[in-house]
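Number of protein chains: 2
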Amino acid sequence: MNDSEILDAIQWNADGLVPAIAQEHDTGKVLMVAWMNREALALTISEGRAIYWSRSRRKLWRKGEESGHVQTLREIRIDCDADVVLMQVEQIGGIACHTGRHNCFYRRLENGRWEEVEPVLKDASEIYGRG
Amino acid sequence: MNDSEILDAIQWNADGLVPAIAQEHDTGKVLMVAWMNREALALTISEGRAIYWSRSRRKLWRKGEESGHVQTLREIRIDCDADVVLMQVEQIGGIACHTGRHNCFYRRLENGRWEEVEPVLKDASEIYGRG
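Chains A and B, in that order, are what the protein sequence lines are. Start counting the first sequence at 220; every next residue gets the next number (our numbering). Start counting the second sequence at 220; every next residue gets the next number (our numbering).
Just to be clear, a hint being listed does not mean it is correct.
With a cut-off of at most 20 Å between alpha-carbon atoms, the simulated SDA-like pairs for lysine to any residue come out as follows [to be verified]:
(1) A/K278 to A/E258
(2) A/K248 to B/R257
(3) B/K248 to A/K278
If you want the ones that stay clear, here's a sample from chain B, every Cβ over 12 Å from chain A, calculated [stated by the list, open to error]:
(4) G235
(5) T291
(6) E294
(7) G312
Treat the hints as calculated values from the structure; they're not laboratory data. Ideal placement from N, C-alpha and C gives every residue a C-beta, glycine not left out.
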């Protein structure tokens, strides 16, 4: 694999990032969207697990490094403009969201409000420890 | 519906935009990702079809306005950070991508290369006319 060519194909934004979608390979549910820089995408491919760039912490974010909720890579695609990455993943533990829900898209527009429509499966304090 | 509250909930980026994923409601396939500004999201909700903000053309983009490949809105969600929109849509004509493919994620990483793995269903010149 020529990493450089794979990475050069991407249309990185002005910050050197690309949005990456994690989709659950067997249910088709969209779990989350985060960002990757060149290093994060290269590591995602080489390690076979989702590794993002945390914009808030300004460092690599090996998804699951604290929670154990690793996303194992099954497949990776890019779109026609090569400015979005789509991953098929296996979500270890069945929880992708830091709120303890299956996925991050738990608010649905209903009757003119964003309603929470997905249950919390595990309390965040249990996931991340109490300190 | 209080449009203002719905829109104020979104964490718009520095350019006043948010990425929006269109997912096919019955197959679960991710069709495309584009961007919305406040007006685009408001119109998407009020008109019940995907309306994006074209960053290259700097104007509203009523998906399907030229191609007829309208995306009818079935459901709309936001993620935990309220900085990504996820729509369940019905893809009219079964073609989301301007290349004439079902969806925009037609390149998959295989043997160290981004390989085209989805067929062109309709030639772009047929979709957009020959001039």
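Of the numbered hints stated earlier in the document, which are not met by this structure? 2, 3 and 6
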